[in-house]
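Enquirer: Residue-level listing of the chains:
Protein chains: 2
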Amino acid sequence: MVKLIALYRRPPDTVEFDKHYETVHTPLVLKYPGLRRLEVTRITGAPLGDAKYYLLAEMYFDNKDAMDAALASREGKAVARDLLSFASDIVTVFYGDAS
Amino acid sequence: MVKLIALYRRPPDTVEFDKHYETVHTPLVLKYPGLRRLEVTRITGAPLGDAKYYLLAEMYFDNKDAMDAALASREGKAVARDLLSFASDIVTVFYGDAS
Numbered sequence: 001m002v003k004l005i006a007l008y009r010r011p012p013d014t015v016e017f018d019k020h021y022e023t024v025h026t027p028l029v030l031k032y033p034g035l036r037r038l039e040v041t042r043i044t045g046a047p048l049g050d051a052k053y054y055l056l057a058e059m060y061f062d063n064k065d066a067m068d069a070a071l072a073s074r075e076g077k078a079v080a081r082d083l084l085s086f087a088s089d090i091v092t093v094f095y096g097d098a099s
Numbered sequence: 001m002v003k004l005i006a007l008y009r010r011p012p013d014t015v016e017f018d019k020h021y022e023t024v025h026t027p028l029v030l031k032y033p034g035l036r037r038l039e040v041t042r043i044t045g046a047p048l049g050d051a052k053y054y055l056l057a058e059m060y061f062d063n064k065d066a067m068d069a070a071l072a073s074r075e076g077k078a079v080a081r082d083l084l085s086f087a088s089d090i091v092t093v094f095y096g097d098a099s
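Protein chains in written order, with this note's numbering: chain A, 1 to 99; chain B, 1 to 99.
Rather than coming from a laboratory, the hints here were simulated on the basis of the structure.
Even glycine gets a Cβ: it sits at the ideal position worked out from N, Cα and C.
A couple of the hints might just be wrong.
[Unchecked claim] So, partial list: chain B residues that the calculated Cβ filter (under 7 Å) puts toward chain A:
id, residue
1, 34
2, 37
3, 43
4, 45
5, 50
6, 96
Starting from the given sequences, assemble the full structure and let the hints guide the process.
Expert: In structure tokens form, the structure reads like this:
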């Protein structure tokens, strides 16, 4: 599977972030064509020191072509637009082959 | 599930890193008591720009107590010792609740 990964650092206002993430962003993500699974991890700590990250979202696709098509789709562009509107300064997005 | 996450930036020598990761580190990780699943993602790119990360390893446990017990175990200490020996300057470790 190919996995698209969005890693968020801790936002300044976690209540506002959570509200937007759950009520606006996640419904948009779930519309990605070809999305097989969304796994969201709420970061709660680190074995040593504090975790600088807040949330990890992982979107699974059958392969890279399916992910590329999702990103290029109308729904994918809506996800990107929304992401930039509320998390542009705290999110890092990358992808890879999961096994 | 609780997920322990190790995120690696690109190592200076990827061949050496891969060899150690696959032949030494992964066998140690797989000995964690209570480990339910290990998912390894090889990062291949980013939608915008280059990915600064190289590898994401995710270790699933039933709950935080199980993860804490694994980290504190003899096997867990061997994982930590090995991690520090080959990746201390490129790895970030954190955990959270996955759903």
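Enquirer: Are the hints correct? Go through all of them and say.
Expert: Hints, one by one, checked against the model:
1. 34: Where the cut-off is 7 Å and the nearest Cβ of chain A is about 15 Å from residue 34 of chain B, the hint is violated.
2. 37: violated (11 Å)
3. 43: Residue 43 of chain B check passes; min Cβ-Cβ to chain A is 4 Å, inside 7 Å.
4. 45: holds (6 Å)
5. 50: violated (9 Å)
6. 96: The hint holds - residue 96 of chain B has a Cβ within 7 Å of chain A, the shortest such distance being about 4 Å.
Checked against the numbered hints above, the structure breaks hints 1, 2, 5 and satisfies the rest.
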